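Engineer: Could you build all of it, start to finish, from the sequences and the hints given here?
The lines below spell out each chain.
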Amino acid sequence: MSAESSPKIVIVDESPIRAAILQEGLREAGFTDVVHISEMQSLLAQIFAVDPDVILIDLENPSRDVLEAMFQVSRAVRRPIAMFVDQSDAASIQASVEAGVSAYIVDGLKKERIKPILDLCVSRFNAFAKLQDELDRTKSALEDRKVIDRAKGILMKAKGLTEDEAYVLLRSTAMREKKKISEIAQSILTASEMLK
Amino acid sequence: MTVPLRIGFIPLVDAAALIVAVDKGFTAAEGLDVTLVREVSWSNIRDKLNLGLFEAAHLLAPVAIASSLGLGHIKVPIAAPFNLGLNGNAITISPALHAAIMAEIDGDRFDPMATAIALARVVAKRKKRGAEPLTFGMTFPFSTHNYQLRFWMAAGGVDPDEDVRLVVLPPPYMVESLASGQVDAFCVGAPWNSVAVDLGVGHILHFVSDILVRAAEKVLAVRQNWSEKNPAVLAALIRAAARAAEFIEQPENRAEATNILSQPERIGVDAEVIQRTLVGRLKISPDGTMRESGRYLLVGREDAARPDPVQAAWLFAQMVRWGQTAYSAEALRAAMGVFRPDLYDSALGTGKQAAETSGTIGAFTGPPFKPDDIAGHLDAFAIRYRKA
Numbered sequence: 246m247s248a249e250s251s252p253k254i255v256i257v258d259e260s261p262i263r264a265a266i267l268q269e270g271l272r273e274a275g276f277t278d279v280v281h282i283s284e285m286q287s288l289l290a291q292i293f294a295v296d297p298d299v300i301l302i303d304l305e306n307p308s309r310d311v312l313e314a315m316f317q318v319s320r321a322v323r324r325p326i327a328m329f330v331d332q333s334d335a336a337s338i339q340a341s342v343e344a345g346v347s348a349y350i351v352d353g354l355k356k357e358r359i360k361p362i363l364d365l366c367v368s369r370f371n372a373f374a375k376l377q378d379e380l381d382r383t384k385s386a387l388e389d390r391k392v393i394d395r396a397k398g399i400l401m402k403a404k405g406l407t408e409d410e411a412y413v414l415l416r417s418t419a420m421r422e423k424k425k426i427s428e429i430a431q432s433i434l435t436a437s438e439m440l441k
Numbered sequence: 037m038t039v040p041l042r043i044g045f046i047p048l049v050d051a052a053a054l055i056v057a058v059d060k061g062f063t064a065a066e067g068l069d070v071t072l073v074r075e076v077s078w079s080n081i082r083d084k085l086n087l088g089l090f091e092a093a094h095l096l097a098p099v100a101i102a103s104s105l106g107l108g109h110i111k112v113p114i115a116a117p118f119n120l121g122l123n124g125n126a127i128t129i130s131p132a133l134h135a136a137i138m139a140e141i142d143g144d145r146f147d148p149m150a151t152a153i154a155l156a157r158v159v160a161k162r163k164k165r166g167a168e169p170l171t172f173g174m175t176f177p178f179s180t181h182n183y184q185l186r187f188w189m190a191a192g193g194v195d196p197d198e199d200v201r202l203v204v205l206p207p208p209y210m211v212e213s214l215a216s217g218q219v220d221a222f223c224v225g226a227p228w229n230s231v232a233v234d235l236g237v238g239h240i241l242h243f244v245s246d247i248l249v250r251a252a253e254k255v256l257a258v259r260q261n262w263s264e265k266n267p268a269v270l271a272a273l274i275r276a277a278a279r280a281a282e283f284i285e286q287p288e289n290r291a292e293a294t295n296i297l298s299q300p301e302r303i304g305v306d307a308e309v310i311q312r313t314l315v316g317r318l319k320i321s322p323d324g325t326m327r328e329s330g331r332y333l334l335v336g337r338e339d340a341a342r343p344d345p346v347q348a349a350w351l352f353a354q355m356v357r358w359g360q361t362a363y364s365a366e367a368l369r370a371a372m373g374v375f376r377p378d379l380y381d382s383a384l385g386t387g388k389q390a391a392e393t394s395g396t397i398g399a400f401t402g403p404p405f406k407p408d409d410i411a412g413h414l415d416a417f418a419i420r421y422r423k424a
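Listed in order, the protein sequences are those of chains A and B.
Our numbering puts the first residue of the first sequence at 246, with every later residue one more than the last.
Our numbering puts the first residue of the second sequence at 37, with every later residue one more than the last.
Worth flagging that the hints you see were computed from the coordinates, not collected in a lab.
None of these values were measured; they are calculated from a predicted model.
Glycine included, C-beta positions come from ideal geometry on N, C-alpha and C.
Any given hint could turn out to be false.
Derived BS3-like pairs: lysine-lysine, alpha-carbon spacing no greater than 27 Å straight-line [to be verified]:
id, chain 1, residue 1, chain 2, residue 2
1, A, K375, A, K355
2, A, K384, A, K360
3, B, K111, A, K441
4, A, K355, B, K111
5, B, K84, B, K265
6, A, K402, A, K423
7, A, K360, B, K265
8, B, K84, A, K375
9, B, K111, B, K319
10, A, K402, A, K375
11, A, K424, A, K404
12, A, K355, A, K384
The following label-pair restraints were derived from C-beta to C-beta distances [said to hold, decoys possible]:
id, chain 1, residue 1, chain 2, residue 2, range
13, A, R390, B, V39, 35 to 43 Å
14, A, N371, B, R74, 21 to 29 Å
15, B, D323, A, K423, 57 to 65 Å
In silico contact screen, one side only, chain A against chain B (beta carbon under 10 Å); selected entries [claimed, not checked]:
id, residue
16, T277
17, V280
18, H281
19, M285
20, L304
21, N306
22, P307
23, E313
24, E357
Structural biologist: So, in C-alpha cells, the structure goes:
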C-alpha cells in the first residue's frame, strides 16, 4: 500500500444499517476502499481474500474472538495483525469499547492514519446507538399509548366515566402508587382479563 | 451500604459459582450489589475488565496471564484470587472422524495416548491421499482449549501448526460448525459438547480430565490495582463465590443450582444438560452411550477454588511451547503471580497450609511438571514451535 492510497477497510457487522452508516461516513471522509462482511461463516478466509489494512468489528459480534487469532504467530496467519493502540492510547480503546466497536490494524499502517478512522467509527457507532435508542423509545411510547387507551376504555365502561375522567383516575392512581401510568393501565388490563 | 459491582461472564457452566453467588443472594448478603453482564466474546470481557467497565470477570485463566504479560493486547496486571472451575472441557469429534480414529486405534478408547496415535495415523493417511487437513475448533488463542488440544495431539506425533488447522470459534457456533463440516472436531466447555451429542453431530472423545488430572480453567479475575484499592470488597466477593461453590457441590442443591443456571439471561440451556456436567455423567455418543467421571468439572470440591500458582506456571509453559511468548524468569514470576492463593486464604481464613493437591497437573504423558525448570521440561516434548 502506498502512503497516498486509501487504506483497505473491512467492516464486520451483522447489522446492515449500522454498516451502511459507517461505510457512508468513511466514504465521506475519503476512505473509498471499504468492504462489508456480514456472513460469519469462514470469516478469516473472507478477510484473507480481501487482505485489508484495517478491520472494524462490532462488539456484539461473537466472532471478535476469531479475529484475535490473527495476532498469533501461527503459520495460518499471512499478515500479522496488531492493535495500533499501545499503552499510551488507552483513551482511544476506552472510547471505542464504550461505543461498541473494535479496530484491528494490519502491521505496517501508520498510526496517524488510523486515528481519523477510529474517531469516525466511534462517532458513527454512537450516532447509531442514539438512533436505536430513540427508535426503542418511540416504539415503547406507542405501546404505552395503546395500553392506556384500552385501560381507559375498560374504566369508562365499568364506572360510567368520560374519557377525560378515566385518564384523571389513571393518573392520580399512578401518582399515589408512585408508578408509571402505563403500569397502572397494564394492571387494569391484566385484572380485567382475569375477571372475564 | 451496598457496593455496586459490574461483573462480566460468558454463558458457560463454569460460570456457575459466580451466577449462583449473585442469584442466590450470597453477594447481597455480603453487602455487594452485583450486576452480571452476559458477554459474547472473551475479547470483550478482557477489554471491559482492563478498561474498568467491569470490576470483575469470569475469565479464561490463560487470558488473565496473557493480559498481565501484555501478550496480544495492552498490558494490564490481573489478579485471580478464586478459581471458578477445574477441568470441564471435552474434545468432541464428528462421526466421520470418530469412525476413522476407532478404525486405527490400538488400545483403550479413553486412553489419550491411544487416540492421539490413532489421530496421527488418520492425519498421515489423509496427507497421503491429498485430502484437506483436519480442522479443530477452539475458543481463543490464549485458552486452555487451545493448549489441551495441542498437548493431546502432539503426544501422538501430530504437529498442531503443520499437520492440522486450529481455528478459533465462538462457543455458540461450535455445534453448527461441526454439523456443517466446517470443523472436524472441537475442544470447548460445557454445555456445547453435550449439545453436539444430543443433536447427533458429535462424539465426545475425551474429557479433559483424561489429559490432565487438574487443569485450571476459568478464574474470577480483577485488575491487580483494583484489588489493592478494594481489599474488603474483594474479600466479600471471594466469600460469596466460595459459599456458592460449596452450595453447588452439595448433591441436594443440584436441582436448584441447575435451575438458576438454566435461566435465559444466564446460561440459557436446558437444566438437564447443565445437570449432566455438574454431576459428571455425560452422554458421549449419539447412540446413548454414557460415561461417568468424578473429575469432569470441579467447582468447589477437592480445593478446586483455591488458585494454585503451579497451574499458572503450566499455562505459561504452554505459551512458551507454542511460540506465543519467549521464556524469561521474570515473565514466569509474573504469570505465577496472577494466581493469588494469599487473597483466597485471607478472605476465607483457610490458613497457610498448602492443599494436598497443590502443584498437581497430572498430564498423561511427559515428565511431572516442575515450574522451576520450564526449559528442561519443554525439552521432553519433541513437537513444539520452532522459529522458521
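Engineer: For each hint, tell me whether it holds in the structure or not.
Structural biologist: Status of each hint after checking the structure:
Taking the CA atoms of A/K375 and A/K355, the gap is about 31 Å. The hint is violated against a cut of 27 Å. Distance restraint check for A/K384 and A/K360: the Cα-Cα separation of roughly 36 Å exceeds the 27 Å cut-off, and the hinted pair is therefore not satisfied. This hinted pair does not check out: B/K111 and A/K441 have alpha carbons roughly 63 Å apart, beyond 27 Å. A C-alpha spacing of about 22 Å is found between A/K355 and B/K111, which places the hinted pair at or below 27 Å, so the restraint holds.
Of the supplied pair hints, the one linking B/K84 and B/K265 holds, its CA atoms being roughly 18 Å apart against a limit of 27 Å. With a C-alpha separation of about 25 Å, the suggested pair A/K402 and A/K423 falls inside the 27 Å cut-off, and the hint holds. Restraint check for A/K360 and B/K265: the C-alpha separation of about 33 Å exceeds 27 Å, so the hint is violated. Annotation: proposed proximity of B/K84 to A/K375 holds, straight-line Cα distance about 21 Å (limit 27 Å).
With a C-alpha separation of about 41 Å, the suggested pairing of B/K111 with B/K319 is violated against the 27 Å cut-off. Only pairs whose Cα atoms come within 27 Å are accepted, and A/K402 paired with A/K375 is rejected, the gap being roughly 41 Å. Proximity of A/K424 to A/K404 is assessed by CA-CA distance (about 22 Å); at most 27 Å being required, the pair is judged to hold. Straight-line distance between C-alpha atoms of A/K355 and A/K384 comes to about 44 Å, which puts the hinted pair past the 27 Å bound.
The hinted window of 35 to 43 Å between A/R390 and B/V39 holds, with their beta carbons roughly 40 Å apart. Separated by about 22 Å at the C-beta atoms, A/N371 and B/R74 satisfy the suggested range of 21 to 29 Å. B/D323 and A/K423 have their C-beta atoms about 59 Å apart, which keeps the hinted 57 to 65 Å range intact. Because the smallest distance between the Cβ of A/T277 and any Cβ of chain B comes to about 29 Å, over 10 Å, the interface hint for this residue is violated.
Interface restraint check for A/V280: the shortest CB-CB distance to chain B comes to about 21 Å, outside 10 Å, so the restraint is violated. A cut of 10 Å between beta carbons decides the hint on A/H281: the least distance to chain B is about 20 Å, and the hint is violated. With a cut of 10 Å, the hint placing A/M285 at the interface with chain B holds, because the nearest CB-to-CB distance is about 7 Å. Hint status for A/L304 relative to chain B: holds, with the closest Cβ pair at about 5 Å, below 10 Å.
The closest approach between the C-beta of A/N306 and any C-beta of chain B is roughly 7 Å, which is under the 10 Å cut-off, so the hint is satisfied. A distance limit of 10 Å between C-beta atoms decides the matter here; for A/P307 the minimum to chain B is near 3 Å, and the interface restraint holds. Proximity of A/E313 to chain B holds as hinted, the smallest CB-CB distance being about 5 Å (cut-off 10 Å). Taken as an interface hint, A/E357 does not check out: its beta carbon lies about 19 Å from the nearest beta carbon of chain B, beyond 10 Å.
Checked against the numbered hints above, the structure violates hints 1, 2, 3, 7, 9, 10, 12, 16, 17, 18 and 24; every other hint is satisfied.
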